[in-house]
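Q: Given these sequences and hints, build the entire structure.
These protein sequence lines map, in sequence, to chains A and B. Take 82 as the starting number for the first sequence in the numbering used here and just add one per residue. Take 1246 as the starting number for the second sequence in the numbering used here and just add one per residue.
None of these hints come from the bench; they were simulated from the model. Just so you know, not all the hints are guaranteed correct.
[Said to hold, decoys possible] Label-pair distances were calculated between CB atoms; the ranges are:
(1) B:E1260 with A:M226: 49 to 55 angstroms
(2) B:E1260 with A:G205: 31 to 37 angstroms
(3) B:S1353 with A:E216: 44 to 50 angstroms
(4) B:S1353 with A:D263: 44 to 50 angstroms
(5) B:A1373 with A:P142: 32 to 38 angstroms
(6) B:K1388 with A:E216: 56 to 62 angstroms
(7) A:H185 with B:K1388: 51 to 57 angstroms
(8) A:P142 with B:Y1275: 25 to 31 angstroms
(9) A:P142 with B:Q1383: 50 to 56 angstroms
(10) B:Q1248 with A:P171: 32 to 38 angstroms
(11) A:M186 with B:Q1383: 49 to 55 angstroms
(12) A:A207 with B:K1384: 45 to 51 angstroms
(13) A:N169 with B:P1270: 17 to 23 angstroms
(14) B:Q1365 with A:K199: 37 to 43 angstroms
[Stated by the list, open to error] From chain B, some residues computed to sit far from chain A (all C-beta separations above 12 angstroms):
(15) H1249
(16) L1360
(17) K1364
Here the structure is a predicted model, which means the values were calculated and not measured. Every residue gets a Cβ at the ideal spot worked out from N, C-alpha and C, and that includes glycine.
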Amino acid sequence: MKRFDCLKILASLVDEHMLAVTSLSTNTPFWFNVRPQGPNFFALNMGLCLPFALGLSVAFPKRKIIAIDSDGSLMNDSSSLITVADVNPPNLAAFVMDNGSYAHMGSTFTTRKTDLAKMAQGAGIANASTVKTLEEFSSAAKQAMENVGPTLIVAKVERDAGRVSADRSRTSGRPMREWFMDALRRHPDYKAGR
Amino acid sequence: MDQHSVEVIVETLKEQGIDLAVTLPEEPTYSLTEAMREDPFFQAVTVAGEGNGLAFCAGAALGGRRVVFVTGIAGLLVGSWALSQMGMVYGAPILILASYRGDFGDHSGIPGSQLLMFKQVAEPLLGALRVPYRVVNQKATLKRMIQEGSFACQDYSHPIVLLLSGEVLW
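A: Now the structure itself:
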């Protein structure tokens, strides 16, 4: 299963008012290519994607928040799974793109003994599962969009063969942040200083 | 932290519209975080790690919520990775109240070697992370410092730390 194909399916399920957050990995250029517009916060560094998305979930309780994390990032601060379970947001859907690899630098622990979906379940996220085919991913993603309560889907994807380009001014650092804030200011649910 | 300090902080946070309180419980500020947990004005969240706590605060703050993160020097050290990202890189307006463990007046019984380490690293750490901070150790200035810290946090769009010490904390 290819990451890009998963993200194309996911993008087809996301409406203009849903907020999305990506980890610093190929999730970022891939997601930019399939959903360049709308409130996207791109390229959060190791361990920060899921908890940042959780913060957005309490700021936008009526909108689905999509976290597109990766195996290395989530393992860097897996205690965020406990925080997610305890906050128990009704509107958070987390997708962990698990390619079993730290970019091109060797395998991660998920290729050996570690099962991130079971870790999420143990943390208290009842709706946590692993999918290995596009059909399973599509079905699980649709279900995640309808679920009330946090959902975490670990998608077992291949290592990415090539790179996809993305506009860095839209996908990293302060310029990206300003694009994101501009999208939020136009969001019907946004109200600063609530 | 005594009841008077708790009441001043809670009252001032409410005046500032700060209604999301995030913490990983620690002893010197426990009375404060419990008071916020019992007050329906606040959405009180306990996090499992300071790093994910600060990232959580940043998401909420950029999303428009007014946020306070309550921690200590050890928590700032643990969360320094997230603080560097959410501060220097993304400018998230997070008001942080931190017990100044190791400052003069800390008679809490923690081994002196730990207190000395906290004292030695706290302010240089915040300096290295380019996080503006003030030491708040007088009850007479507590309210004003929270007001000013909250204003600066929003105005700079950046984390601000108030290091609670002296008669405010001990």
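Q: Are the hints correct? Go through all of them and say.
A: Quick rundown of the hints versus the structure:
Between E1260 of chain B and M226 of chain A the C-beta distance comes to about 39 angstroms, which lies outside the given range of 49 to 55 angstroms. For E1260 of chain B and G205 of chain A, the Cβ-Cβ distance of about 35 angstroms falls inside the hinted range of 31 to 37 angstroms, so the restraint holds. Against the hinted window of 44 to 50 angstroms, the Cβ-Cβ separation of S1353 of chain B and E216 of chain A comes to about 58 angstroms, which falls outside the hint. Between S1353 of chain B and D263 of chain A the C-beta distance comes to about 46 angstroms, which sits within the given range of 44 to 50 angstroms.
Checking the proposed 32 to 38 angstroms range against A1373 of chain B and P142 of chain A shows it holds: the Cβ atoms sit about 36 angstroms from each other. Between K1388 of chain B and E216 of chain A, the C-beta spacing of about 60 angstroms keeps the proposed range 56 to 62 angstroms intact. The hinted window of 51 to 57 angstroms between H185 of chain A and K1388 of chain B holds, with their beta carbons roughly 54 angstroms apart. As the Cβ distance of P142 of chain A to Y1275 of chain B is approximately 28 angstroms, the hint placing it in 25 to 31 angstroms holds.
Between P142 of chain A and Q1383 of chain B the Cβ separation comes to about 39 angstroms, which falls outside the hinted range of 50 to 56 angstroms. For the pair Q1248 of chain B and P171 of chain A, the beta carbons lie near 36 angstroms from each other, so the given range of 32 to 38 angstroms is met. In this structure the supplied range 49 to 55 angstroms holds for M186 of chain A paired with Q1383 of chain B, their Cβ-Cβ distance being about 52 angstroms. Restraint check, A207 of chain A to K1384 of chain B: a C-beta distance of roughly 46 angstroms satisfies the suggested window 45 to 51 angstroms.
Range check, N169 of chain A to P1270 of chain B: about 19 angstroms between beta-carbon atoms, so the 17 to 23 angstroms window is met. Between Q1365 of chain B and K199 of chain A the CB atoms are about 42 angstroms apart, so this pair conforms to the stated range of 37 to 43 angstroms. Against chain A, the non-interface label of H1249 of chain B holds: every CB pair exceeds 12 angstroms, the least being about 28 angstroms. At the 12 angstroms boundary, the C-beta of L1360 of chain B stays outside the reach of chain A, the nearest C-beta of that chain being 26 angstroms off.
The beta carbon of K1364 of chain B sits about 27 angstroms from the closest Cβ of chain A, which is more than 12 angstroms, so the claim that it is off the interface holds.
When each numbered hint is compared with the structure, violations occur for hints 1, 3 and 9.
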